[in-house]
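Trainee: Let's have the full structure, built from the sequences with the hints guiding it.
There are 2 protein chains.
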Amino acid sequence: MSSHKLQAPKGTRDWYPNEMSVRRHIEAAWRSASVDSGFDEIEGPTFEHLELYTIKSGEGIVNELFSFTRAGGDDTYALRPEFTPTLARMVVARAAQLPMPIKWFCMPAMFRAERPQRGRLREFQQWNVDLIGVAGAEADAEVIATGILALERLGLRPTDVQVRISHRDAVANILRRLGVAAESLHAAFELLDRRDKLDAAEFAKRAAALGLDEGARAGFERVARTTLPIATDIAELARNVDVPVEDVEPLAALRDRLSALGLADWCRWDLGIVRGLAYYTGMVFEFHEASGAERAIAGGGRYDTLVELFGGPKLPACGFGMGDVVLSLVLADRGLLKDAEAGAFLPRPDVFLLSNGAEAAERGVAGLEHSLRRAGFHVRRSYKQTRNIGKLLGDANKVRARFALIVDDKFADGVVTLKDLGAGTQADVWREDLDGLLRRAR
Amino acid sequence: MSSHKLQAPKGTRDWYPNEMSVRRHIEAAWRSASVDSGFDEIEGPTFEHLELYTIKSGEGIVNELFSFTRAGGDDTYALRPEFTPTLARMVVARAAQLPMPIKWFCMPAMFRAERPQRGRLREFQQWNVDLIGVAGAEADAEVIATGILALERLGLRPTDVQVRISHRDAVANILRRLGVAAESLHAAFELLDRRDKLDAAEFAKRAAALGLDEGARAGFERVARTTLPIATDIAELARNVDVPVEDVEPLAALRDRLSALGLADWCRWDLGIVRGLAYYTGMVFEFHEASGAERAIAGGGRYDTLVELFGGPKLPACGFGMGDVVLSLVLADRGLLKDAEAGAFLPRPDVFLLSNGAEAAERGVAGLEHSLRRAGFHVRRSYKQTRNIGKLLGDANKVRARFALIVDDKFADGVVTLKDLGAGTQADVWREDLDGLLRRAR
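Chains as they are written, first to last, in the working numbering: chain A, 394 to 835; chain B, 394 to 835.
Calculated directly from the structure, the hints in this document are not laboratory data. Hints are not guaranteed to be accurate.
It does not matter which identical chain is used: a pair holds within one copy or between any two.
Claimed, not checked - Listed next, the in silico DSBU-like pairs over lysine-lysine satisfying Cα-Cα at most 35 Å (straight line):
1) Lys-403 to Lys-707
2) Lys-812 to Lys-731
3) Lys-403 to Lys-803
4) Lys-403 to Lys-449
5) Lys-590 to Lys-791
A quick note: this is a predicted structure, and the numbers were derived from the prediction, not measured.
Mentor: This is the structure we're talking about:
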């Protein structure tokens, strides 16, 4: 067997305890931001019928998927590349019974059969937040606020990350003014989305095909580059893109709501944000490292036709996905993960047990260890043969235990020595008082 | 598209909020039992190189796997059917650096391309606990104790679940006494494992092939059916299987240790337990519903040669896997999940916000909602148009909120009404005192 087969598959990760503690740290922020914001957690299967993914994304997505059949089975499955189709399927299946609005989040593993590169792996974790059944800027703002809440809890600030927001209606209005015909709007959004990937000649050629003359192309470029503080007056924004104020009116309510929530400094208008996916119907946004380094941290928007597309009722909806890969790069860059290497994100033991090796002590340690665990304490001990108390205390400090519990000859009389490893103090205590003492010290 | 493709694939599950709350309830018990027992959490990729699974299990396992390639790629991958090969791979990759012993747990999704049936799905969650680098009964008992700790925290008792324990060395001694030659031991274990799946004639034929005459076959049957309380004197156990006491001596240390931990009532000797997998080297065990209903809840044992098999150093090791499917059936049967239907396992909101519809109140609610969330409180509100306080309080009670926060005209003066939904009492409080009041009420 070649040795690369004894490694994690390309683009996937092994999570040793410190790496896993970082993942759990991120997931804890995702979860608490979701729960505090009133979202309920759900999950779906790790794989779905392949056809589920082509409903929304067309046949083009198939090559980006890991797909497979079961030996002897008829169905073709694919590892999920995103959660939205599962979400839509779950909503449709119970649309009649589910209380509205539906506020759901999940944090599943996702899979893309692409070339791994910086910020993009073949397996990654993705936080999904969706609010279904409510239209309007209030719901849009609540979804964005939930994403920001998680970043705040991870220690990020508006100087680190900016939410770049646009709105398909406003941009459609502007494009129409530039001379894009209604039937070419979709292609114009596509061109806006791909503009950085095309060379000047190709861009000009495609813009001309949309009916844009040279002046209109300059206007198009100006729209693509428009980024302004969210608090910007709508009239000024309209002047910036050279349209009447009513064209950008869809942005006003969202600006007001984000400002009322105290989130204006986290957010910018960025009319170049399109989100390639054609199913967005209103506000769209991306979370980016503030200087524009790295890929997007998160992306989302309003998709009021999605549930219908999967055979359900017409339901307004808004949501986003945030992966762990780019987010981890940004957190590491800001020094917010550096304590993880020293084990700071690992659960901290309440007690580190050590015995002086006396026969009664050895017998005592085994029972004490398990009865303290049963009482809900995190208890560790050394597996070394040494009974050198100094060395063992070193081990206790290494795992950041709060207390060392020294068991010696006094155990026969029901007495143990409790050493506070933070304060450096120690005292002999009765065994029966131990649980209470430890509980109060938490 | 046929309608079954708009459902979760056969043998997989959709986790709506209540179902997910049950899964998180079980995972919380797994996690806290692991952490309190000093195990660190790890994770691996959801899929591995297919070849990794044939190292331990041979080519026979391939048909039980979901395997696939990437379009344009050379490697064949498989969704993980178990965690042990990933564990071994991760240990081998860092064997020189990892501090010993290695105490790891994980709770990943696993996949089997089998026919779904009661207690067995194609995708399931599995808790894995492994203690690597320590030989002997103390480590064996610690691993078993960790499994029991999780069950205790889920509300199960020794009358609900029993750990059935055997030991390959003791059973090998007994089989030798019955006349099984050293080179036939492996086949004899296989026969012991499969005895309930064979009819009498087939069993007799295979037993004869092992060199067992009729008397020895009766002895073999007796061994297979030997189940005794773990506290049973070793001499009595030896009499039960008609061998000298030294043959069953490997069981004594484990019995002493489990008794010292206060776990004797959870455990039984069951010499018919083999655990089909050939790589176990000492103690083996299964967790079963006490009356023998359902498949095994968990299975594990000692596997001192596994790390070496994957190219690592010789390291003693012991561990188990516990799936969520059978465990959930047992918990449901004991009535331990019934509160989940009423949402009892969902996170409880601290505050349910409601406004009387006054203009100042409406403006106040939005900012209050997000600032309370930012302060770490779980805040919900109604999205209904109604301002009927009675109806809204009904919604607050439905999600089991601790407090209702009523915002009305007084908000302009910085006053809100806090209603304790448990006690039924209410009081007007200053906005700036709210966070402190809510925090103290937790």
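Trainee: Could you run down the list of hints and mark each one as holding or not?
Mentor: Each hint, compared with the structure:
1. Lys-403 to Lys-707: Only across copies: Lys-403 and Lys-707 sit 28 Å apart there, 41 Å inside one copy, limit 35 Å.
2. Lys-812 to Lys-731: within (29 Å within a copy, 43 Å between copies)
3. Lys-403 to Lys-803: neither (56 Å within a copy, 61 Å between copies)
4. Lys-403 to Lys-449: Answer is both: 28 Å inside a copy and 22 Å across each meet the 35 Å cutoff.
5. Lys-590 to Lys-791: This pair counts as neither: shortest intra-copy Cα distance 50 Å, inter-copy 51 Å.
Hint compliance for this structure: hints 3, 5 are broken, all remaining hints hold.
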